[in-house]
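**Q** In this note's numbering, each number is its position in the sequence shown, counted from 1, plus 212.
Treat the hints as calculated values from the structure; they're not laboratory data. Yeah, the Cβ is synthetic: ideal placement off N, Cα and C, and Gly gets one too. Accuracy of the hints is not assured; some may be wrong.
Stated by the list, open to error - Per label pair, the in silico range of CB-to-CB distance:
| hint | residue 1 | residue 2 | range |
| --- | --- | --- | --- |
| 1 | Q590 | E463 | 41 to 51 angstroms |
| 2 | D431 | E463 | 44 to 54 angstroms |
| 3 | Q237 | K414 | 44 to 54 angstroms |
| 4 | S636 | A528 | 35 to 45 angstroms |
| 5 | K535 | I611 | 18 to 28 angstroms |
| 6 | H280 | E418 | 17 to 27 angstroms |
| 7 | N472 | P510 | 19 to 29 angstroms |
| 8 | H599 | H333 | 22 to 32 angstroms |
| 9 | D426 | A538 | 49 to 59 angstroms |
| 10 | T328 | D431 | 16 to 26 angstroms |
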Amino acid sequence: MSETSDRFFNPHRIPRTDKARAVIQTVISSLDAREREINPEKRKRRPVDQATFETTIMALVCDLMHYHLLYNERNLVIPRSKRVLGKRDRYGHPALNQKLPDWLTLLSSNELGWITQEIGHGMIFSHNQRTIIAPTEQFTGLMDQHGIELRDIGISKSGETIILKAPKAHRKAKAKLLPYKDTEQTIRWSKLMETINEWLSKADIEFDDRVMLDWEQIDIQERHLRRSFNNGSFESGGRLGGGFWTNLGKEDRLNGLTINGERVVSLDYGQSALRIVYGLAGVKPPEGDLYNIPGIPPKYREGIKTLISALSFTDAIPKSKPKDTADALPKSMKVRELCELINKAHPGVAQFYPSKVGHKAQFIESEIIISVIMDLIQEGITSLPVHDCVIVPESAWEIAHSVMTRRFNEIAQTESCVRVEHPSLNNNPYLHGINQDGAIRVSP
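Can you make the complete structure from the sequences, with help from the hints?
**A** This is the structure in C-alpha cells:
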C-alpha cells in the first residue's frame, strides 16, 4: 500500500464514556502486569512517568478502536524512530515519547496479543516503510464485550490549532511543520479557535450516511478545527480544516447533514478570490460574472476559473494549460492568448496575474470566514466552514447571508457575491438580487 494511503496514528483521541475507559483500563492493567513479570524488581513509576504511560496507552487504545470502527482499509502507521519521538515542539503530544516503541513491542507480544505490529524500515532506493499496527481479534473482542461505538471516542481539546507550514520543496511534497513563537496575533487566533471548537463540540450535528452513493462510516465527533498557514508566513493561507463535513461531497453535505434537527443550507462567496484581489487593488470589480471573459465562450467558464486561480499562485505565465483542463478550455487557443484575454477583461487587477497573490487572498478569505463563524455564534447559530462556504440550519440562512455580506465587504473592502444553495431534494435556491449570470449580488 502506498505512503499516500497510510492512515497516521492520531494521539489526540480520548474516551468519552465509561465503556471506553473500561477498555483502556483493561489494556493498561495487562501491560503494567506484564512489565512486572518481566522485571519483578522494577520500581513504581514516578507520578509524571505514570501519567505519560497512561496517556500513551489511552491514546493508542482510543485510536485503535476508532480505526476498527471505521472499517478502515488503509494501514494504520505509527512512528518508532527515536529521532522523531525525541522531538519536543508545539505540535508534539506526550504519547509520542521514546518509550512508545517498547510498549508497542509488549502490546504485540504473544503474552499480551492486543495488537499486530509490522516494524518499518528505511530504504535507500525507494520509499521508507512505516511501522504498521492493527488491533487483534482479542482487542476487537474486548470492544464488542463493552459495546464500543464511535460516540464513545472523542478528540482532546489540547492539540495545536494554529499550524504554520514551511514552503513545499515541490508541488507534490508534503509541507513540514514550522515551530514559531507566540505573538499577540497567534494568541488571539488560538483563543478564537478555542471558542469555535468548544461551540462545535456541543452542537447538535447529525449526518445521515444513507445519502451517500459509496457508503462509508462517518464519525460526527470529528469537529476539532485547525487553522493552517503556508509558506512559513502568517499571511499565507490560514484556511480551516479538520471537520468531518469537509471530507464529504457537496451533495452529501447538503442532503445528509442536519443541525439542531433541521436540514441545512450552503452559503458561499461567488468568485471570492478574484473579488478579494480587486479589494487589494482598490478597484471596483465589473458587474456580472467575473469569469465571463469576452472572446471566450461561456461554456469554458470552469476552465477560466481554474486558469485564473493557477495564475494567482505563480510568478510566470505557465507554458501549458492547468492540469485536467483539456476539455475545459478552448483547444484552439494557447494559454498565453487566454491570459491576455483575462487581463484585458480585468485591467484593474492585471498586475496580479500572474503573481502569488492567491496566498494572500486565501488569508483574507479565512479571516472573513472566521469572523462570520464568530458572529453567528453570537447569534446562537452553528455554522460549518468549508473554505469560502458555511453550512447553516435552513432557518438561519437569512441571518447568515446578512453576516457574510457585511463581513466580506468590511474585510475584503469590495462588494460581495453570496450564493445560497439548498439540498438537491429541493434544489431551488432562494434568489435575491439575481443578475443575468445567476449570481446573487449584494451591494456594499
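**Q** Look at each hint and say if it fits the structure.
**A** Right, here's what the structure says about each hint:
1. Q590 with E463: 41 to 51 angstroms: With a Cβ separation near 30 angstroms, Q590 and E463 fall outside 41 to 51 angstroms, so the hint is violated.
2. D431 with E463: 44 to 54 angstroms: violated (20 angstroms)
3. Q237 with K414: 44 to 54 angstroms: violated (27 angstroms)
4. S636 with A528: 35 to 45 angstroms: holds (41 angstroms)
5. K535 with I611: 18 to 28 angstroms: violated (39 angstroms)
6. H280 with E418: 17 to 27 angstroms: Check passed, 22 angstroms falls within 17 to 27 angstroms.
7. N472 with P510: 19 to 29 angstroms: For P510 against N472, whose Cβ atoms are near 40 angstroms apart, the range 19 to 29 angstroms is violated.
8. H599 with H333: 22 to 32 angstroms: violated (38 angstroms)
9. D426 with A538: 49 to 59 angstroms: Since D426 and A538 have Cβ atoms about 26 angstroms apart, the given range 49 to 59 angstroms is violated.
10. T328 with D431: 16 to 26 angstroms: This hint holds: roughly 23 angstroms between Cβ atoms.
Violated hints for the displayed structure, listed by number in ascending order: 1, 2, 3, 5, 7, 8 and 9.
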